[in-house]
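Each protein sequence line maps, in turn, to chains X and G.
Taking the working numbering, the leading residue of the first sequence gets 1, the next gets one more, and so forth.
Taking the working numbering, the leading residue of the second sequence gets 1, the next gets one more, and so forth.
Since the hints were derived computationally from the structure, they do not count as laboratory data.
Warning: the hint list may mix true and false statements.
List time: in silico BS3-like cross-link candidates among lysine-lysine, alpha-carbon distance up to 25 Å [said to hold, decoys possible]: (1) G:K5 <-> G:K37; (2) G:K54 <-> G:K68; (3) X:K9 <-> G:K37; (4) G:K56 <-> G:K38; (5) G:K54 <-> G:K71; (6) G:K54 <-> G:K112; (7) G:K37 <-> G:K71; (8) X:K57 <-> G:K112; (9) X:K9 <-> G:K71.
Residues from chain G shown here face chain X by an in silico Cβ test under 8 Å; the list is partial [as the list claims (entries may be wrong)]: (10) L34; (11) Y39; (12) G43; (13) P44; (14) F46; (15) F89; (16) G99; (17) L101; (18) I102; (19) G104; (20) E108.
Given the structure is predicted, the values throughout are model-derived calculations rather than measurements.
Note that CB positions come from ideal geometry on N, CA and C, so glycine has one too.
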Amino acid sequence: DSGVTQTPKHLITATGQRVTLRCSPRSGDLSVYWYQQSLDQGLQFLIHYYNGEERAKGNILERFSAQQFPDLHSELNLSSLELGDSALYFCASSGLAGGATTGHTQYFGPGTRLTVL
Amino acid sequence: DQQVKQNSPSLSVQEGRISILNCDYTNSMFDYFLWYKKYPAEGPTFLISISSIKDKNEDGRFTVFLNKSAKHLSLHIVPSQPGDSAVYFCAASPYNQGGKLIFGQGTELSVKP
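Chain G on its own, in the form it takes in the complex (with noise of 0.2 Å):
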């Protein structure tokens, strides 16, 4: 069972707009969300978290969103630029499990000049 979930494989933005990214989950009992970045040959590079007490973090270009009620978290990234163009990964916390992240199956974006 698949409990964190990105159903965009793949996203494509301009240079300098707006990018969304999405993720679902399925299990009410995580207590951090996590974004991380991936580039092909290399380990995933953290972005941003959120803790589940929380609905928005920022930092820099990057904010997180937290809808509790829908389950469901998005990265924004403004401007959007084409060295953000990776694998996008969201990640979540169970409680008292160890500390072990679920990944979803993550969302490819590609940021155009």
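Isolated chain X (complex conformation) (with noise of 0.2 Å):
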């Protein structure tokens, strides 16, 4: 158990709604990463949160949002869902601010599985 929990496991959803995955750090961390796997291709890299700031972005769509609470919460918004939107979506934690001196590990969470039919 990484200490990372995220909610819900599995969602099933139609074409051009709208979701909202929710990701919980490990106790005291202050990062925050999401990323999307989809079947043919590995880990990509979505989005960093530093204690409510953005950090990076990295190739996340411009109908997906996300931000992050002052609890460290944060939460990953899925809208006009398209078919090609079905992965795996995972979060990750760390302690750090992420830079060129820092290590870099993250720890992830179990994952959401969304669906879109």
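Put the two chains together into one complex; each comes in its own frame, and the hints tell you how they fit.
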């Protein structure tokens, strides 16, 4: 158990809908990262938040947004869903802000499996 | 462009022997490299990491080697155990990019008794 929790575990929805995925980081961790794992791709970085502020963005679609709240939990919002958004969405946390001289050990949650029909 | 590559999608090894998983990268601007293990229906689990200024790091049965001139890293597992059967991902962290990780495609290791 990494200490990172994600809800829900599974989500089935229809095209055009909007969903919210939730992540609670390990106790004391200030950084939250979101990743997407599609069937034909490896883990793709989406976005990083540190203590409530956005730190880095990856290949995140404009239909997707995220935020980190004062209690440090994070939510990933996916809207106007398409079939291709079906994937595993992982959240990870670390105690670090990230940077050139720091280690980047990230601890992953169990993921949310999103199925868009 | 795939900056981190694991060219072997699968590897089969006998229990007790050495498992060697390989990873190549194309960008010199990485400061840390990490290996994760993933079981089905679970999130990736951190195994071991190495700084770009080192060439070896060891933790129990796991050793990671970094060859910067060849832009290559490898994970050695000795001795391999059936419980090591999983998908192994290498990941790299670019300098000054907020701590994001760039992952390879993964190698599925099967350790046979």
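To see whether the hints hold, each was checked on the structure:
| no. | hint | result |
| --- | --- | --- |
| 1 | G:K5 <-> G:K37 | holds, 16 Å |
| 2 | G:K54 <-> G:K68 | holds, 9 Å |
| 3 | X:K9 <-> G:K37 | holds, 20 Å |
| 4 | G:K56 <-> G:K38 | holds, 23 Å |
| 5 | G:K54 <-> G:K71 | holds, 13 Å |
| 6 | G:K54 <-> G:K112 | violated, 32 Å |
| 7 | G:K37 <-> G:K71 | holds, 21 Å |
| 8 | X:K57 <-> G:K112 | violated, 41 Å |
| 9 | X:K9 <-> G:K71 | violated, 37 Å |
| 10 | L34 | holds, 7 Å |
| 11 | Y39 | violated, 10 Å |
| 12 | G43 | holds, 4 Å |
| 13 | P44 | holds, 5 Å |
| 14 | F46 | holds, 5 Å |
| 15 | F89 | holds, 7 Å |
| 16 | G99 | holds, 2 Å |
| 17 | L101 | holds, 6 Å |
| 18 | I102 | holds, 7 Å |
| 19 | G104 | holds, 6 Å |
| 20 | E108 | violated, 13 Å |
Hint violations for this structure: numbers 6, 8, 9, 11, 20, all remaining hints satisfied.
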